[in-house]
Amino acid sequence: MHAVFWKCNIRNTCYYMLFLCLFCSSETVYECPDYRTAGENSCFFNKNNTSIWVNYNITVVATNTLGSTFSDPMDIDVVYIVKPNPPERLAVTVEEDKSWPFLRVSWEPPHKADTRSGWITLMYEIRVKLEQENKWEMHLAGQQKMFNIFSLRSGGSYLVQVRCKPDHGFWSEWSSTSYIEVPDYFPREKSVWILITVFSAFIFVILFWLLHMNSHSLKHCILPPVPGPKIKGFDKQLLKNGKSEEIFSALMVPDFPPTTSSNFEDLLVEYLEVYIPEGQELTLQESKDLHDGCLKSEGSTSDSDSGRGSCDSHTLLIDNCGEAKEEERQQDQERIGMEAQRHQKDWEEKVLNYAHEDIVSPDMSSGRVKTWPSVFSPLPQYSSNPPDQQSSLEMAKQHYLSDSLFLPDSSSTYLTQPGHSTRESLEPSYCEFRLSNKQPHQLHPQMQASQQLHMTHSDVNISSIGCKQAPAGLQSPDLRSTQYVEVQKVNKEDMVLLQPVGKGCRHIELCPKMPQGDNYSKVKGVNSDNILLLQRGVMEEDRCPCEDQETNGAREHSHTASTVTTTQKPTACIHTAMPVQDEIALAVNGYVDTAIMCTLPTY
Amino acid sequence: MESTRRKRKKQRGGEDTKADQEKKREMAQRKINGNKLFMTVLYAVAACGAVPISDLLDRASQRSDTLHSLSTMLTQDLDSHFPPIGRMIMPRPSMCHTSSLQTPNDKEQALQVSESDLMSLARSLLQAWSDPLEVLSTSVKTLPHPAQNSISNKIKELQEHSKSLGDGLNILSGKVRKWVRQAQTISSLPYSGGNDIGQDRISKLTNFHFLLSCFRRDSHKIDSFLKVLRCRAAKLQPEMC
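One line per chain: the protein sequences are A and B, in this order. Numbered according to full-length UniProt numbering, the first sequence terminates at residue 603, and the numbering increases by one at each position without gaps. Numbered according to full-length UniProt numbering, the second sequence terminates at residue 241, and the numbering increases by one at each position without gaps.
Chain B with its partners taken away, still in its complex shape (with noise of 0.2 angstroms):
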């Protein structure tokens, strides 16, 4: 009896392949199936221990704010020694090459775009900037400013913080689910000016200056639409806004 149990067993295994091929590719689907379902546990659970958009934004805008704040100082060192013969031959803001990208003119303009509009216009005028600030970092080493040391610091910090901040944002723009759904499109604004600012003294000066101009002016632009964003997001703290 055994022997014939065996033989049962033997054609079973060998009989079943097709069934039993079914039945694991159901576990596999299974597990998968578990696996993601675990997966998604667990990002759930670590999204409901995770930081709230409104403390994300807050950091984030104050990081727009040290940015700003930055390249005021250096306009400020910059305009202390600038040869006033380089005013006369200002190129006009008009030439930023940020200037392509529409963005709000005043007050009422900027409050009426959508906050997801408000995320991708600061995201794009940020990485619009990572190279033209590589740029003035490798230029400001040749710069013929008494100041030339710290600014040449300051340079490094605009670039580290412009960097943090672009991931902050980035990692923000995954988080609100209504962002991630709309898809955020960045601008490519490229930078035309090249590695070059100038090869004599003036010149080198004023491009550098201008340059400059622009960047403050599109960093107050980034901190204004954050700071918008913040006090929308921040509706259950109406203390802050």
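For reference, chain A alone in the conformation it holds in the complex (with noise of 0.2 angstroms):
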């Protein structure tokens, strides 16, 4: 073995290669037997040097003046580690499928590599790139020399690359570069239509989805559903049933109409009682306020039964109610007969309140004094629904009592019903006075008569409340004194004009208004002339000359007693000469003492 000193570096070191072919015919080592062709530092050995199946170990060796080293052999097959040429003829072109354009892609095998023959069996990729990406696409194509690439981008320029490797060998370096480009075959305000057109459709569709899934609401919202009418007591599967009797006796109350006796007449009166007991102090909790409240309110009452919306709802006595019943309270209140004249505008047939004694009787039973003006509770228009009046009006009432309001034997103010267990405390009591611009509702006919005497204008119902006095032999003894107002007429301007039954005839006029804050619960004195003069809350007084009518009676009752009248004038007050002023003993506050008021002078 002879060394061939082919190159020396600077430092003097000579590398030389040896390799032993362990397979060859002599196990000679031989050297390599080319440095130049495969560039610096390399051996290059040519077919004729190499055969297959053989082992080689080479090793270099690095030899300067000191010495030589060895490096690690390598034992190679050459078999094993071939690399091939890059496929050749690289075609690519654009076909079309179906007006959608793709790439077909065409090679050849490198022509040194014998695939022809299965020596060499060789495996191809591509890759594929659009000109101003970076990244590519690879593709494996197996052993075919074709291959189509699909979902091109239309007006595209793609650059495509073949490689190829043998079954046990290296990849070869990538073939070169073809270009193509693919023809615009989606136009493009084509495109943005159709997008537009589908992002629309789908809007669409989210929106009908939408509304489908709210049209309950909706229509909740748009049209809003129209209460039914409710009355209570009234079934409809009766109704569907067709049983028309049953319907009927359904919605009948059981005491109503007052089948005893009541005399129709009774119900015809128009009278205002006023009662004032004495020796107790009486709270007349007369709540201006409570009676604008509850006499404006039609409409604002939210009360699930239809057509009564006005003082008789339940919430609306509540909430309306509460406020003054809380300044009442606080205050000695005197219990007037007049209050009922308050307001004009919910006035409601007293008729039919008094026919319905459930309204008043629960105060009666209940011993307590309470003040029915207070309670403008609508009359009960609905026959079937006296217990729930009354309900409503006991506890609105309630609301209203006064703490010590306790009579037992005051039931004499409440009105009292022929016939009715309250009988037995039958006193002349107060009626009630209810303004009500509803229509009323479907009366007995024992109420519509009374009707007759409501004078209705435009929408405000004026009824007044006949009381009806209870027998004399019932009235507490002297105390009890009850004063009947009957309504004169009512003219053009909402003014309920009362005149006191039996005494005479005077023009009470009754404003339309109330402004609220008004407390005509004050009792200035009583003039010469049987007049009750009431002032105006706490606050002002004098101010406009309300006259209280006496009672000319164009009724008479067997009742005596002073009378006692009121008249509502919002912006009024009431003055009166007292000339008992000194008898009358007036409250803290200014509230009559209606024990002294008892004992008035009749007229």
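One or more of the hints may lead you astray.
[To be verified] Computed footprint of chain A on chain B; a stretch qualifies when at least three of its residues, placed anywhere within it, have a C-beta under 8 angstroms from a C-beta of chain A:
| no. | segment |
| --- | --- |
| 1 | 95-107 |
| 2 | 155-162 |
[What the hints assert, rightly or not] Simulated coverage check for chain B against chain A, where a stretch passes if three residues somewhere in it have a Cβ under 8 angstroms from a Cβ of chain A:
| no. | segment |
| --- | --- |
| 3 | 184-198 |
| 4 | 217-226 |
The hints are simulated quantities; they were obtained by calculation from the structure and are not laboratory data. Quick reminder that beta carbons are idealized off the backbone N, C-alpha and C, glycines included.
Fit the two chains together into the complex; they arrive one by one in their own frames, and the hints show the way.
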């Protein structure tokens, strides 16, 4: 073996390569035949020098003047390290498939690789990319020499390359790049329109679906449900069954219409009965505000029962009257029967009210004096509702109960209905005045007769409350006196003109409105004309002259006692002379002690 | 008259024994021939619907390709932790037990070998490795190598593939009429290494490595021969080769 010092670097170290052909015929160590062809520090074995299926043991030796070192030997079989040439004749064309173009790539194997005989089996790989982009798209093509590429961008220009690899060898280098341009197969404008159409269709579908989902709530919003009539005791099923008798019987109140007796005429009487019991402090809870609220509200209630929007509603009473109630409570109030004249707006038929003793009776039954005026509950126009009204009234009334009112015999303050259980305590009682501007609902025929007395003005129904006067025997001695006020007429300004019954005729003007906060529960005095003068609240006095009229007594009652008439004028104060002023013991806050009032001389 | 007929029958039955026997023999022969014919017809029918040779060769070459890939991976796993000392004392490949078999050394020689010879060479080589692979699989369990587990699995796979390839090649040889007629000769290449690959660690690893490198080469030869055969058989499908 001889070393060929072919190349020595600066440091005077030369390298040479030895190889040992382990399967060769002669097991001799050979030196690298060619150091040049493959470049620096390389050894080139051409085809003549190489055999396959033979292990070559190759060692590189470095020598210089100091010595020589051997590298680790490398044992290789040539056949395992084959790297072919890249494929040749790469051809790319654009083909059409149902108006959608695709690329057809074809190539040839390297001419030096003998794939025809099967000696070398090559596998190919293609990579594609758009001209502008950086990332290649790889496709393994297997042993085939043709490949199709789909999903192209219209109008884009592509670069294509291919490489190959033997079964057990290395990948070749990438072939030369092939450029191709894809024609515009998708016009831009059309695509935009299509996109817009699809998008809008999608939005429509979503809107429609949303609408459908919320159709129920939308219906409520746009077309609010009209509350149907609710008549308590009205059974739809019965109606469907078609048995009218049952329906009506269900509607009927057991105690209504008052089958007993009642003298129809009594119902027609329009008296305003004022009872002023003596000996007890009756707090007259006169809540004008309350009344205002009560009377005004017709439409403000959110009562579920239609047609009941006025003071009768349970909620209304509590809500609107609560304030007043508190105010009143703090004050000693005198009950005055004339409170009924307060507002015009919500007059209800007193007859009805009267007729429904239930409304009134609870108060009596409880033994408490209740402020009737503060409980301007609408007349029960649904005969089937007495219990409810009763309860509501009761509740409302109770709100306004004065604390100390407890007149066991004060039942006289309530409307009594003939034939009712309260007869025992029947006394001349208050008649409740109601103003309602609702059409009186179906009334019993007995009631309706009294309606005639009502004068409706536009939408104001004024119902006078006729008070039935209890038999005189029930009257409490002395202390009880009742006054009656009858409605004379209603003038055009929604003013109810009352006149005392049997006493005289005077016009009592009722002002249509009462400003809130007016409190006419204070009695200023009684004038010589037997007029009870009320003064407004605590604030103002002597503002407007309101006159009370003495009842003239269009009708006669057996009642005696001082007649106290009240007029209500929102802005008016009642001034009266007080002939018996001395006798009037004004309460601390200006209220007349009813007990004393009772002692007023009768006129 | 009836009795005479009966008598005649009896007489015929008895007298005709020799003729009947001959007839029976003929009948039997016909039956056998018929059976054979029937069977051959069956075989022919089966053969008509059978997988073509090119497909069979394709499958065989795929199997041999897998075999060679496995052996390559094995040697690479082994080399990753092979002590450098072992390289120095590596036995020469001429010492592989299959080196006595005359195989073509290059492409030109290989292309000149007949198909039948190629097939017989492939089968011989494969046959020669069934025993050594068994030795390898038993000795790998005690192989002092960090990747011993993966090597053991691969050895098992090697055995399976080798066996299935051998069976496939046997069936293939039986299918080709040319090869059947020529009665392929399968050289016997006994493995003389015994069951032991060494006692100490170095010798174990060295022998293991040596055996595997021999196998790697032989599997490559088998793969090359089969792929040449495949291309020759697929003359109807020029796109393959």
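We went through each hint and held it up to the structure:
1. 95-107: holds (count 4)
2. 155-162: Per the Cβ count (0), the hint is violated.
3. 184-198: violated (count 0)
4. 217-226: Holds, because 5 residues of the segment 217-226 of chain B bring their Cβ atoms closer than 8 angstroms to Cβ atoms of chain A.
Hint violations for this structure: numbers 2, 3, all remaining hints satisfied.
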